[in-house]
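Participant: On the provided structure of chain A, position chain B as indicated by the hints.
Chains A and B, in that order, are what the protein sequence lines are. Anchor point for the first sequence: position 72 equals 72 in our numbering, and the numbering is continuous, going up by one each time. Anchor point for the second sequence: position 346 equals 346 in our numbering, and the numbering is continuous, going up by one each time.
Take the hints with a grain of salt, since some may be wrong.
To be verified - In silico BS3-like links for lysine-lysine, alpha-carbon gap of 30 Å or less:
| hint | chain 1 | residue 1 | chain 2 | residue 2 |
| --- | --- | --- | --- | --- |
| 1 | A | 18 | B | 374 |
| 2 | A | 16 | B | 351 |
| 3 | A | 33 | B | 261 |
Treat the hints as calculated values from the structure; they're not laboratory data. Computed from a predicted structure; not experimentally measured.
Single-letter residue listing:
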Amino acid sequence: MFDYFEKFNSLDPKIKEKVSNPFVMGVIDELEKKYGVDLATVVMMVMIKTVLINDLAIHLSDQFSLSEDKAKSLATELKEKVFLGVADYLGMDLSQLFVT
Amino acid sequence: MEDKAIQFLNKLDKLSEEVRLYFSSAPEAKALKEIQTDYQLSSDNLDNLIYDIFIADFDLSVLDNGLKTINVPTPSQSKLAADILGKIFLPVASFLKIDVKAEIIKRGHRPEIYKSYEDDLADLIEDQNFDDLEEVVNLHESTFNPIEEENISLDLFDKGLKGVINDSDVNSITTLNGALIYLLTNKPDFHNKINKVLFDNQEVITTQNLTWEEGTKAGTVANWLKDFIKENGSDIYNSVVLSKYLATSPNPQLLSEEERKIVRRLLRLYRNLVFFPESMNDVSMEEWEIIPVEKVSVEKPILGKPQDNPVPIVMERKEIIPAGKKTVAPKASIATPAEISKMETDSEDSKLISLLTKYAPNSLEARVVKEEIKRRQKKS
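The following block holds chain A by itself, in its conformation from the complex (with noise of 0.2 Å):
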């Protein structure tokens, strides 16, 4: 069927955790409310690397046809709330994080 589920299901669970506990779910819910689309796919394809985490806001461009700089907000927001406990897994540039 699709094979990024059975990739993710093979994860570590404490790093399946990370990005799919109420918490994170609720800040997902908070994001596919204020950007209109829907995330859940695009967490797990992070998580299993098919979309680099670095070109997040690319992809994300590219997959509901947001304007850059949207996607790049979305992004940031997507790495500073969701992805930031699996930011060493995922070789996360923490540079560009928290810059007000």
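Facilitator: Below, chain B without anything else, positioned relative to chain A:
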């Protein structure tokens, strides 16, 4: 007063096109006239009240102070305030990001009675857009030479594609897209010609070479297209396939971030062009593109209608494609093989539904399955 008028004009000049349109329109002049007549106000007095609101950056509380300085009986003042707000500011409230409805209600009146003034602006914007579109199409038709454009386009795809891929000027890319879409939809042999030129292009777009079994190859347009097709086949693909190729395939993995962006842009161009018009299936006609346009926030040339609630103005690119008035080839249907039986579809759906029952309703897994079901429903 003269000074205030200048300040008002300076403020107005910096506002969106929709606001400027309304404040120089017949409906707004009519609304002003109505208010003057109903309250026996001089045009100077009324203008003054409006200027004050502009100068105060749309702090609507200044209206109440202003009303005290003019000769209107106190019982009529709240209705006058509501009329000024409803007839003059409510139509442009969403563009100014102010909650005029709440201000009217606060003064004890009903905002819905001013709906016709909002409709007047919506009509005005529609007329203006239509005039703009007609002007662009006429201009395009009078200046567009298909033979010349075809030669220029083929030449560009032969020797100037690297420049096009790196070009971030939205206007020039949009103009080129308009010409390409016109040629693709109106010149039957153009599609084959330009595809061939694209696949033969020998411009080097990455310093990183490609490594294949047969040896190392330069990072040319043609070689990157071959590499992608080797990995993913020659069918139309979606953005997930593209991201996966760039993230996990051997050659793109070695690219720097900057060069990966260039290859991504080339592959989006390849998809848009080679699979046109199927590649534009999910895109509204005014957003059709062959060369990918970076969707940066710029002032949109098409005026937006006023919205019910004041929200930040969304300034995404929306360009008029001149070819829109021409004979446009019908969009191809989604590539669903006819032989796929409904039974198989049902069986796939039931697998998804059964998968859904295995996970907690709000889990990431359940949401992914729901998104997959949604995607399948959209396709069917």
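Participant: For every hint, state whether the structure bears it out.
Facilitator: Hint check results:
no.	hint	in the structure
1	18/A with 374/B	26 Å, holds
2	16/A with 351/B	23 Å, holds
3	33/A with 261/B	29 Å, holds
The structure fails none of the hints (numbered hints given earlier).
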